[in-house]
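For the sequence shown, the positions run 1 to 131 when the working numbering is used.
Just so you know, the hints here were simulated from the structure itself, not pulled from any lab data. All figures in this text were calculated on a predicted structure; none of them were measured in a lab. It is possible that some hints are incorrect.
Below 25 angstroms or equal to it, Euclidean Cα-Cα: the simulated DSS-like pairs (lysine-lysine) are [claimed, not checked]:
#1 39 with 15
#2 93 with 78
#3 8 with 22
#4 22 with 78
#5 93 with 14
#6 15 with 31
#7 39 with 14
#8 31 with 78
#9 14 with 31
#10 78 with 14
#11 15 with 78
#12 39 with 93
#13 22 with 39
#14 93 with 31
#15 22 with 93
#16 31 with 8
#17 78 with 8
#18 39 with 8
Label pairs and their computed distance ranges (CB to CB) [as the list claims (entries may be wrong)]:
#19 72 with 7: 29 to 37 angstroms
#20 100 with 24: 23 to 31 angstroms
#21 72 with 21: 18 to 26 angstroms
#22 36 with 111: 37 to 45 angstroms
#23 35 with 100: 35 to 43 angstroms
#24 114 with 4: 36 to 44 angstroms
#25 35 with 115: 33 to 41 angstroms
#26 100 with 26: 34 to 42 angstroms
#27 3 with 99: 21 to 29 angstroms
#28 44 with 122: 27 to 35 angstroms
#29 54 with 93: 13 to 21 angstroms
Note that beta-carbon positions come from the ideal geometry of N, C-alpha and C, so glycine has one too.
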Amino acid sequence: MTDEIDRKTRETAKKLFDGGIKMDPPYLLWKAFDRELAKEFSRFITGNLYSREVLTLPERQMVACAALAALGAHGELKLHVNAALNVGCDPRKLAEAFFQIAPYAGMPAVNEALAIIRDVLTERGQWPLPD
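Build the full structure now, drawing on both the sequences and the hints.
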């Protein structure tokens with residue numbers, strides 16, 4: 001069972017975090033403090049949760065990005081915006097998800113999220129968006 005979870009963890013992490021802008025995933029920070037706990041966190045988040053098939057990876061990333069934007073978790077949001085683009089999220093739909101949080105988190109959260117997606121797209125050489 002652990003071998004299967006480890007395989008899913010590696011495959012899912014590769015899809016999410018390989019490519020796009022260069023950022024260290026949180027796993028490296030966790031690992032610097034506690035190697036075994038980092039492995040368990042990674043197995044749970046990436047190997048168990050993100051590899052579930054109820055939602056697609058792009059759908060999961062849209063949800064994650066909207067939640068992180070609403071929370072004001074800007075560093076984590078940048079990582080997940082890049083991951084969302086890596087798994088095929090449409091940048092305009094991602095921006096729309098950020099507009100959707102306005103009634104719940106306010107326009108400052110929307111503005112910060114839009115600035116982050118613009119910055120990530122710029123770093124990826126994909127800004128400005130085509131008409």
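Please test the hint of 13 to 21 angstroms on the beta carbon pair from residue 54 and residue 93.
holds (19 angstroms)
Between residue 36 and residue 111, does the beta-carbon spacing fit 37 to 45 angstroms?
At roughly 40 angstroms between Cβ atoms, residue 111 and residue 36 fall inside 37 to 45 angstroms, so the hint holds.
Holds or violated: residue 39 with residue 14, Cα cutoff 25 angstroms?
Holds. Residue 39 to residue 14 sits at ~15 angstroms (cutoff 25 angstroms).
Restraint status (C-alpha distance of residue 93 to residue 14 at most 25 angstroms)
holds (23 angstroms)
Holds or violated: residue 14 with residue 31, Cα cutoff 25 angstroms?
It holds: about 17 angstroms lies between the C-alpha atoms, which stays within 25 angstroms.
Taking 25 angstroms as the top limit, are the C-alpha atoms of residue 31 and residue 78 close enough?
Roughly 20 angstroms between the alpha carbons, so the hint for residue 31 and residue 78 holds.
Is it true that the CA of residue 22 sits at most 25 angstroms from the CA of residue 39?
Judged against 25 angstroms, a Cα distance of about 21 angstroms means the pair holds.
Range hint 29 to 37 angstroms (beta carbons of residue 72 and residue 7) holds or violated:
holds (35 angstroms)
Please test the hint of 35 to 43 angstroms on the beta carbon pair from residue 35 and residue 100.
Check passed, 38 angstroms falls within 35 to 43 angstroms.
Satisfaction of hint between residue 14 and residue 78, Cα-Cα up to 25 angstroms:
Measuring from Cα to Cα gives roughly 17 angstroms; hence the hint holds.
Given the hinted pair residue 22 and residue 93, is their Cα-Cα distance within 25 angstroms?
holds (23 angstroms)
Using the C-beta atoms of residue 100 and residue 26, is the stated range 34 to 42 angstroms upheld?
Once the Cβ atoms are compared, 25 angstroms apart, the range 34 to 42 angstroms for residue 26 and residue 100 is violated.
The earlier numbered hints that this structure contradicts are 12, 14, 26 and 27.
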